[in-house]
Every structure is written in structure tokens, then in C-alpha cells.
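Start from the sequences and build out the full structure, keeping to the hints where you can.
Line order of the protein sequences matches chains A and B. Residue numbering for the first sequence follows numbering that gives the first Met the number 0, beginning at 0 and increasing consecutively. Residue numbering for the second sequence follows numbering that gives the first Met the number 0, beginning at 0 and increasing consecutively.
The set of hints was computed from the structure by calculation and includes no laboratory data. Treat the hints with care, as some may be off.
Said to hold, decoys possible - FRET-style restraints, in silico, Cβ to Cβ:
1) B:Arg223 / A:Gln137: 28 to 34 Å
2) A:Glu311 / B:Ala149: 21 to 27 Å
3) A:Gln305 / B:Glu313: 30 to 36 Å
4) A:Gln137 / B:Arg20: 42 to 48 Å
Said to hold, decoys possible - One side of the interface only, derived from the structure: several residues of chain A facing chain B at Cβ under 8 Å:
5) Asn217
6) Val269
7) Ile270
For each residue, glycine too, the CB sits at the ideal point set by N, CA and C.
2 protein chains.
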Amino acid sequence: MPNIQAARLIGNLRRLSEFGRYKTGVHRPTYSAEDMAARYWLVERMEEAGLKATIDGIGSVIGRSQARGPRLLIGSHLETQPYAGWLDGAMGVMYGLEVARAFAEDPATAALAIDVGAWADEEGHYGMLLGSRSFCEQLTEEMIDAAKGADKTLRAALAEAGLAGRRRERLDPDSYVGYLEGHVEQADYLDSSGLRLGIVTGIVGFNLYRFTFVGQQNHAGTTRMAVRKDAGVALVRLCNEIEQRFPGVAGPRSVWTTGRILLDPGAPAVIPGKAEMLFHFRDIEQECLELLERTLDEIVADANAQGPCSVELEVLSRTPPQLMDPKFQDALELAAEQHAPGKHMRMPSAAVHDAQIIARQLPAGMLFVPSIAGISHHYAEDTKEEDIILGCRVFAGAAERILRGAA
Amino acid sequence: MPNIQAARLIGNLRRLSEFGRYKTGVHRPTYSAEDMAARYWLVERMEEAGLKATIDGIGSVIGRSQARGPRLLIGSHLETQPYAGWLDGAMGVMYGLEVARAFAEDPATAALAIDVGAWADEEGHYGMLLGSRSFCEQLTEEMIDAAKGADKTLRAALAEAGLAGRRRERLDPDSYVGYLEGHVEQADYLDSSGLRLGIVTGIVGFNLYRFTFVGQQNHAGTTRMAVRKDAGVALVRLCNEIEQRFPGVAGPRSVWTTGRILLDPGAPAVIPGKAEMLFHFRDIEQECLELLERTLDEIVADANAQGPCSVELEVLSRTPPQLMDPKFQDALELAAEQHAPGKHMRMPSAAVHDAQIIARQLPAGMLFVPSIAGISHHYAEDTKEEDIILGCRVFAGAAERILRGAA
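Shown next as C-alpha cells:
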């Protein structure tokens, strides 16, 4: 069995967390200077590990093994949410790097090919799962033209990052036996139940929306309450309506969040004439996602009927639930049972992952390690080192089993 | 009687509206390049009118007559709300300029002294009524140190505008018989009742607050609804509570507005750990303002008792209601009756004006002209030219009456 070097794995993770360090975590938005520096650092680490590495036109870092045997793709993402944790995404990429290197170093596995991908913008600073969608040819040039972040377009961000005009790499599904991704759980199921490993059964679907409210901008002193068309008040009413109605139609594991609100012009003494909010929900059941969307449509129709402002609901993305390959689940579970008997469980992923895109093209599997107290997308995010190392060993065991065709 | 030159008045107003022109209005935030250009342009116009002009350390433009007779101060402000109208503030300053020039040109009034002030940041990009408060010594260096706008501190804005280190001018109350300010009504009382002039009886009080909500930033997919501490949801609930409770305690003319909302970090897939909103209300009755503030305190206490997020209410400013001088109201009414018999009314001002600051030190009066459809703080703001000109003539008549001691 290939020898996973714990010190090397942890050392690389610590070094990577220095790019954009913030308190005990990392602030590394996609295509920022820190993010690009981390990508170029990864290219060097991949080359050291014997992979042929490149950064493609969407910013994904892809390292290809020179071995001729059966190929397995391993990956995750490098960028972080704002002021977020050091492991989210980064750990899965470092698992790929360490497994590729350990396989290459062991004559018994040197013929097996491990390719590693760090998919750009999984976190959605400019879109959602941009790198894995691009790699799987689910991202058109028109989509890139239309995408924008909080303060610039995706095209502008790519140009500033020096990526404009580069070729985007594409997946050849026939060349791989499958895809594996390691990740922190980001919830507290494992941590609160004293388990150390989660074998992912499937990834929840995710629908993202933009609400736009149009009223009438006016003077906030002289305009009587009765005649106002305050877009901010319309937004608050609609948010409140969601909070009232969603619990009655949501599934037991459904979640929904308003992540951003903008009032326009945003001055203290002006009635907002426009308002905008980003809203999303998630569930593992397709039927539930559809029911939640119908409920949103009803809320919007009611708000428009009630007035005085108008509301528009725009679907920014719909990502369906995606099941993981049963044989890959078995391979991960066997390896988990070998390294940590009785300390693992099968579970759905409530977070979006690149695996759900690649699983449409290749058999895919995911392994979780515990997030302490379930904290994630926050700089306090952490996992015990022994669990990080255990996860990588299990991951390597499953990868070997899959590559040898036992899965 | 001094000869108000209609073409000169309208020409100056049109020229001034070119600084920061936006559609049919103006975008000229305090200390922006366009705003500073307008201030330097005003200095030149004042000098042309025979005034000795300066821009002081807070950005106010002050022009002083060289005449030795009784002195009247006339003013308003130059900067605008974002993407707002061409008359708000600007018209009152141009009234001062035209009246000063007409008085100086007429031998019968050349001994009467008209000083003109364009008070900085009435609109509150960095504070509230900064220029008039500074002129009346109600703005300390510590307040300037603490003040900030949407994207920079007041100190930084002053430095960028080249104003750092300049002396701030101060009012000598003994040298003036009083203060007059002309302004567009910004409401639709005059326009909807077919009247052409409003004599202001008093200016409503204005309380401005910042609410800060603290929850727990976390992953918006993996964190169960039941255990979330979503600061954005807390903000929406509190806004909704204000909408529920305020109508029951507000006066008939009370108004309240949430002008800005920020969710932190503001990413679509992150539960907001912090949220902030700017909120204000206005009324002409001091008792009503106090009741509204007590209601806010109760709402905040209830929210904190309910949890799971904490809420803090911070008073950013409290500006009490301010009555206009009765003799100045009489002088304006007599001039109004002379120029437009039966076409005027006495009315409170629902908007904040520099007059309410200066009225604490000097007898003060305000004259309104109609805002078409009551639209203000929007680029569609407008007033008929004939009403602008009429207002200036009435203003000049009242100024002469006041300066000759008839008021």
C-alpha cells in the first residue's frame, strides 16, 4: 500500500493556508492575487509530484500523471468563501497531491495514474462550480460573458488574473475509471456522534435566485407613508413571507438562506427605489426543490398582486441532486472499516461540491472527515490533524481498490 | 426694489446642474470631484457678484458682502443625494447669489449687506448638516475624526478634496439680523393644491440610528435551520416588527425609512454572521420623536430577549424640531401676497434643512416653491421656471423688508 506521508500532507496544507491568511482561517476569493499565487504554488507542487501541470482558461489547475495504467481523477477547489476556513476545498486538493505522489513513489502503484484537479470557483464568487462545469463542457462562452461577481465581471476578473485567452481543459470521460473527492463535512453529524469518516451517498440540489424589487426613489422626509413605493419595505415583506411559508413545505433537511441584500441608492435619507437579494435553498429530493420553487413563485405572485412595488424572480442556477456511485461508496467504506473500524457512516452532503458535476460524466465518490462543531465558511473552521491524516489514508486505500478494478 | 434678473438666475442654475449631470438630474456627492468643481465655480460667481468668497475647512463656500449696512445671511447647500435632482439645495444658493448681486447693483439697496453660504454636506454623505453645524460651532474635531461615509472616512474625504488643514469659518451671531433659505418643497402639498409658495413654520426633527445584528457566520448548506444564528433573518424580523408597531404610535405626519442594509459577508452561500441597517424617523412634535424612540428601544429589547442573534441600537444623531421666526414668516408672507396674491400657504418642512441649525443662533425663515408631483431626491425632480423666478422675487422682497427693520 502506498505510504501517505502525514508530515508532508499537513505541511502542504499549512503552507497553502498562508495564501490569504485571515486570523485562523483564509480569505482567498477566486482570481484574487492570493488565489492566483496559491494556484501557481500548486503547479510547482504538482510538478514535484511528477505530474504535468497547467492552469487553464477558467483558472483550474490540472496535473496529469505520466503513468500509463488505469487513471483516477482526484480533486476539489482552492479558493475560499470570504474570511473562511483553511480546509474547505484545500484539503481535497492536498489529498489528491499526496495520493498522486505516494502512488508514484511506491513501485507497486507507480503504474497507476492519479490525475489531480483544483477546480476554479467552486465557491461561486463569479458563478458556481465554474471549473468543474468548464471541465465537463457545461459552461459556454456565453455563460462566461454573462457572469459577474460582487464588483466586476468574470471576463474582467479572468483578464486581471492573466487567464484571458488561455485554453480551457476538457474531460475525456473514456480515459478515467472515475473521480474521488475528499472534503471536510461542514456539518456536525460526524463530530457530534463521535465518528471520524463519512461516506457520501449523494449531494443535495441547490437553486439560486435573484429577487429584484422596483419601487419609486423619493425623499424620505417629505413623502408621506401612505404614498410611498419603498423597494426595501417590499423586500423585507417578501423575506418575512418566505420565513412564514417555507417551514410548511420544506423537507426535514431543507435549508434556505438570503445571503445578500442591496438597497438602491442606499443613502440614509432616500426611500430605496430599487432593492435586490440573493436567495437559495437546498434539498436532496428533486420533488422538494420543485415544491420550494413553486412556493417562491406563489410568494412573488402575491407580492406583485399586493403592490405597490413590483418584484421579479430570476433563476440564477438550478443544480439537481446527484447520487454517488454505489461501488465507489463500497470501496470507501471498506477502506474506512480497515483504518477506523466502526467509526464511519454513510451520509448525504448538504453542501455543493465539484463531485456533483463530474459525477454526471464519471462514477464518483466522496469522503468526509469531521468538522469540529460543524463550523465551516468561517475562519474558525477546523478538523483534528489525526482525522485529516486518517482521511487521506482511507482515500488512498479506496483509490487503489478502484484503480485495480476491485470496486 | 432690487431687480432680480430671471435669465441670470436660471442660467446659473442650469450651468451648476452640469457639474455631475445624470440624466435630467445631478449626481454630486459631497467632496466628489464634481462637487468640488461646483464649489470653485461658485467662488468665482460670488466674486463676480462683489462678495469676498472662500471655501473653508469643512467645504462650505462663504461669500461676504463688503457693504457696511445691516447684514442678512442667505444660504443652502450644493451637494446632492445620489442620482438626485438639479434644484435641491442648489436653488437656495443661487437665490442667495442673485439677491446679493441684485442688491449690490441697485443704489437703493447697495448699502444692505447680503452674505451667502453654501453649507457642506447637508445631505449627510459623511454626517448630517456638516457645514451649518461647523459654522455654528456644533461640530467638534472629535466628531470629524469619527465621521465616515459609505467608503471612506470624513478625514480622508477632506484630505482628497484638498481641504485638510483649512480653517473652519464661524458664525458671529451679533453681525447678522437673521438667516433666510429658499428651497424646493420636496413634497406635493403645494403642487397638488395649486399654490406657488410655501412659508415654512418649522422644520421636523430627525433621529438617525444604526442597528447592528450579530449572529454566527456559517455554511448555508450544512447548517440546519434549527441551529442557525442568521443575522440577516434577525434584521428582517426587526424591520417587520417596526412596520407592525410604528403605525400605532406614529403621528399623522410621522415618516420612517430604512435607507441601507448590509449583510456580512454578503456571499450567496454563507449564513450572514453580521448585519447592519441605517434607519431614521421624523416628526414636527418632540413628544412624538421620543415615543418613536421608546418604541424602537422596546422592539430591540424584545428581539434580544427572543434571540438567537443579538441586536444593538446606536443613535447616530438626534436633531430636534425647530420653529422659524414668526416675524420672518410675516415678512415672507407679505412679499408672497404682493407677488402672488392668494397663492401661498404656511406649512411645516418635512425635510431637514441647514436653516434648522442656524435658527438656533439667528432668527430664521424659509421659503418653498412647488416640487412637480412632489418628486425629490430623484433625477426627475423639477419646478416650473416661473415658480423658481417668482420665489426669488419674493425672497428678495422679504430680504429687503427684514434688512430695513420692517420685519
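Here is what the structure says about each hint:
no.: 1; hint: B:Arg223 / A:Gln137: 28 to 34 Å; result: holds, 30 Å
no.: 2; hint: A:Glu311 / B:Ala149: 21 to 27 Å; result: holds, 26 Å
no.: 3; hint: A:Gln305 / B:Glu313: 30 to 36 Å; result: holds, 33 Å
no.: 4; hint: A:Gln137 / B:Arg20: 42 to 48 Å; result: holds, 45 Å
no.: 5; hint: Asn217; result: holds, 6 Å
no.: 6; hint: Val269; result: holds, 5 Å
no.: 7; hint: Ile270; result: holds, 6 Å
Hint violations for this structure: none, all hints satisfied.
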